[in-house]
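Engineer: Protein chains in written order, with our numbering: chain A, 1 to 515; chain B, 1 to 101; chain C, 1 to 636.
What the hints contain is simulated information worked out from the structure, not anything from laboratory work.
From a predicted model like this one, the values you see are computed outputs, not experimental measurements.
Incorrect hints may appear among the rest.
[As the list claims (entries may be wrong)] Under the rule of at most 25 Å between Cα atoms (straight-line distance), these lysine to aspartate or glutamate pairs were calculated in the DMTMM-like manner:
1) A:Lys-324 - C:Asp-586
2) A:Lys-394 - C:Asp-376
3) C:Lys-604 - B:Glu-35
4) C:Lys-24 - A:Asp-472
5) C:Lys-159 - C:Asp-376
6) A:Lys-324 - A:Glu-147
7) A:Lys-394 - C:Glu-110
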Amino acid sequence: MADVLLFIVLIPLLAGLLILALPAQARGIIRAVGLVGALIPACFSFAAYLAFDKQTTDLQFPFTATWMSIANAYNMLTLHINFAFGVDGISMPLVVLVGVISTLTMIRSFKVTERVKSHYFWMLFLTMGLYGVFAAADLFTFFFFLESTLVASYLLIHIWGGEMRHYAATKFLIYRGLASVVLLAGLIGLAYAYATTAQVASSSVLIPNAPNFLTLSISQLLTEAKLIHIPAGTQNVLFLVFLLAVLMEEAFVPFHTWLPDAHEHSDTGTNMMIGGALMKIGLYVLLRFAVSLLPLGLAHYALWLAVFGVISILYGAIVAVASKDWRRLIAFSSISHMGLVLLAIGSMQEIGIQGAVFMLVSSGLLTALLFITVGAQADRTGTFKIENLGGLSKSLPVISGVMLVAALGSVGLPGLSGFISEFSLFVGGFAVFPTLSALATLGMIFAAFYLLWAMQRTTFGPVNTALPVMTDANAVEMVPMVILVALVVLIGVFPGVLGDVVHGTAQAIAARIGG
Amino acid sequence: MALQPFLALGAVLFGIGLYGALTKRNLIIVLISIEMMLNAANINLVAFAHFLPKPNIEGQVYALFNIAIAAAEVAVGLAILLSFFRARNTSDVRDMNAMKW
Amino acid sequence: MIGLTWLVPVLPLIAYVVLLATGKRMSEMAITAISVLAVLIGLIISIGVVAAVGQHGPYAPVVYNWLAFGQTTLTMGYQVTNLNAMMLLVVTLVSTLVFLFSKSYMHGDERFSRFYQYLNLFVFSMLGLVITSNLLELYIFWELVGVCSYLLVGFWYFKPEAAVAAKKAFIVTRIGDVGLFIGIILLYLGTGSFDFTVVFSHLHHFASAQASLGALGHDAITRLMNVQTWVTLTALLVFVGAVGKSAQFPLHVWLPDAMEGPTPVSALIHAATMVAAGVYLVARMFPLFEASSTASETVAIIGGVTAIFAASIGLTQRDIKRVIAYSTVSQLGYMMLAMGVGAYVSGMFHLMTHAFFKALLFLAAGSVIHALDTQDLFEMGGLRKYMPITHATFLAGALALSGIPPFAGFWSKDDILTATFDSGHYVLYAFGLIAAFFTAVYIFRVYFLTFSGTYKGSKHPHEGGWVMTLPLLVLGLLATFAGFINTPFAPILSRFLQPNGPVGIDPPANWGLMAVSAVVGLLGIGLAYSLYGGGKRADAWAKRMGFLYALSYNKWYIDELYALIIVLPVVTLAEGLQFFDRWIVDGLVRLIGEVGYTGGVSLKYSADGQIQTYGLVTAFGLAALALVALRIGGVL
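Same shape as in the complex, but just chain A:
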């Protein structure tokens, strides 16, 4: 059990390499290997989730292997570069989320017929990267896997996307690449700031045995964050760097234009992976590094976070009203939802942080569900354009029904996972920024408006006679839809299954930032 995270990260890679060794014609075997390669780590992640110790706030299931050491890297300190894994209450649910989304994507991707071999290889590679990002317990490990997700998702958009895929993929690559560069600067700055502060602290005997190395280990940083305090000025600068990276990474207004393009020109499987898991990285970075390690910086820029959050909520929601394409609509909807998380993090309340993790998981599931249903109807009708659809409830009752569940979940209907997420975030928001939060509630009304309006034009009304004769969902779509709906309902009705794991860590973070 101890090395479970290592296996979770490695198995998709090994499965991918196995696929490379297979002949391209053996599509059945390739698909099976792809599915198994995603399913096994998913099961492992479930097992880890069940075995997760809710009492401690340390990183669990730790694994560390030194990759290289550089002597005298900085101020006589040695730099160890490690491959290290470990999860706590905020990353554990996200690891499971990756497991769910990747497995279901593999099933959905049975429909892919073009270049199956490389499709599955890159899907598995992306899965590995996503696991690595969320399971990383070392800044270097984190960055390594972050970049591997970038490469994999770039190629997935570039090769299997729609008509403007090259444009969308390039935009995706440039934006996220830029975000990575800024983030790298932040990570390096973080390590240096801690090393410098620790040295000063050790000379005044605050820390009896200050490390004689420049640490990149997240668990070490988290431990030391309790003991030493980086000067406020440094924290502010570092926080700003992280904020900039997150705004680009998570597609917040005004750095958002790559996301609708990427979603609009990607295939359904890729959209599930991007919308379901990849788009959770930015806010995870914010929670993991900026919020946990730079409390003074957070306090300094809290209002900024809230303002950026509210802008994204309203901007995304309003543009979604005018979106003509389902995929763009979903993209703007998710921009709007993520804005709410930013607002709640800005409030620095424990409930807000707990709600943030809830929202990351919930919106991951719901976005994937929306994409799979929208993709399923587009496979049959040949269009994602809302105006060309109509009356689908008649011919595709199951797909339309699931689509309605996903839409209502996004609207925040109680009984589905979106509600408790949104509610927690708003409780956090109102405690500190009542006016901004009141503005943000307009987003709830807009969400009902654009989603139900789009639903009405897609599934209700008279049957559009221009559409071909269609058959309802097949097994390849049914399985992912049923599992996602079940999880959405499970979290909605028994939020404790998620909340119990998150609670302790959220409390620890809140204690650190004084919320």
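Based on these hints, arrange chains B and C on the given structure of chain A.
Structural biologist: Below, chains B and C without anything else, positioned relative to chain A:
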């Protein structure tokens, strides 16, 4: 004798060679100009070797090296010139611009 | 029986799951049997619960932990009080009858099972809402009620009007829901709990001691506002939720359109489930409204205005269901008016009697529509001969609605009017009285146009089977006699609802006012008879009223107004922002890309392929560098 006249000779020779290499249209003249620049370098090598506080012959050795290499270079250059001439029926360097943007 | 209370909402949920699992495989008979049985058992339990509560007073909540939430733990559970025992009874009773009625009405529909699934889910949500023990749980069921109404109003989704009406119902009530959502959060931030008991004890503490909120134990809110503002603000926000759900002005627009759904759904929405939730919410949160006079005045004014406003629209509508729908809006206005002036018992009394006679009117209308396949009043007439049971029961319902003694509506409406008068709200009393006059006119207009005169249609109308007439008869009896549970002679309900001393005001009977409202009702009927009696159309009268008629017929142009000042700006803003996003924000991004690209392209032409050019540039560059180096080095 002083060092300076030799260096002056080398500099003048190099300047003439550089001017020829950069301005002449005919590839043969350009090659000859390059040879002049190499020889300017040879003169400097020999001169410096002679006027060192402890004179030695290493400069002359390098000069010989240079001559050999220059010969090889001229051979390659002439070979390119010949095949270019056969293909394009010209030896004007302005026509050798296939590797632009 | 108390221990079984949780079964009341759970039974319809089980029925829902069973129907969902079996789908189309079951016969219509079996589907109906399962559903009716589920609510019928609930009804029996509810009767037991009412009896137990009547004897022992309210019971303590039964709760289970749900989620660790910051420093607190959220719970889910149920609580039996006198108020929600009464609601349980009303909801299960009306639901049972509607479930029965639907069998015949929906007979042959290919989604028969789906219809009953939604109905069961709807009733489950409403019953859950009624017995919940905390505000968060209430909000959860509140939203579920909303989504069920969305599904049911849009049940015939292939009709564009139904699809639009369903969306409208959801979005308009959603606006109210957001108000309730914020109100609940502010209450939580002020009291640290969602539990009714905790919230009320804080409010009680506040009312008696004028303590600061900090002293109440939770200081998150004190940084933001003072205590009185907090109370008023939360009360108003909670009321916004009730306005949306109970279709009060200005969020009333969804309810008349919601009659695009099947008629039994309308009966359920208008009588027992959806719209009653708003009034119930205000009743449940009564201590909050008592703590803020601003808020309760607002409730009274909105209620009074809605009562007269909706009644004025009901006067001219041509669609039988639309008239009854506006009647509901108007009657809900009365209930809100009662809550606003503090007449807690009167409001709940009217909610109950209204549930009976409104369900009756809708089911009777459904019976008519079922027989005629039209909803246009001007295509009906003379049905008294063909449908005697429907006729008799509709008449009972109409008399009850008009407030003619001794029918049920008289006692409850009169209670409200008396309380309004006694509390000194004379303008609102006048509103209520005029609305009562309008009420009698419009409902008897419907009555005369439908049942008197001669039949104008071609189809041969006839009564439905016993599943249709039995609910009508039961409701007819209730509409006639239910008022007697709270007459001035024997105020049974009043005692039942106030086990721990008086809540709000409960004025003594005022015989003079009673006579006035009875006379007003009779006058209204008389006017309706003179205009429409014997199947007259009263077109000339309509023409003479000119502008007023148009105003009423077009519902005061509220829909058009909203389309102009809300929908149009939002859609325009969205299109504009979309343009801004695509061409300005993204345009800027692409511009940066273009600048880089163009720069590269223009510079590449300097690489002309001439080795001599390169050499020349290199030579001059080297010379320049050398010059600079020598300059810096101090040689030159």
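Engineer: Which hint numbers does the structure go against, in order from smallest to largest?
Structural biologist: 2, 3 and 6
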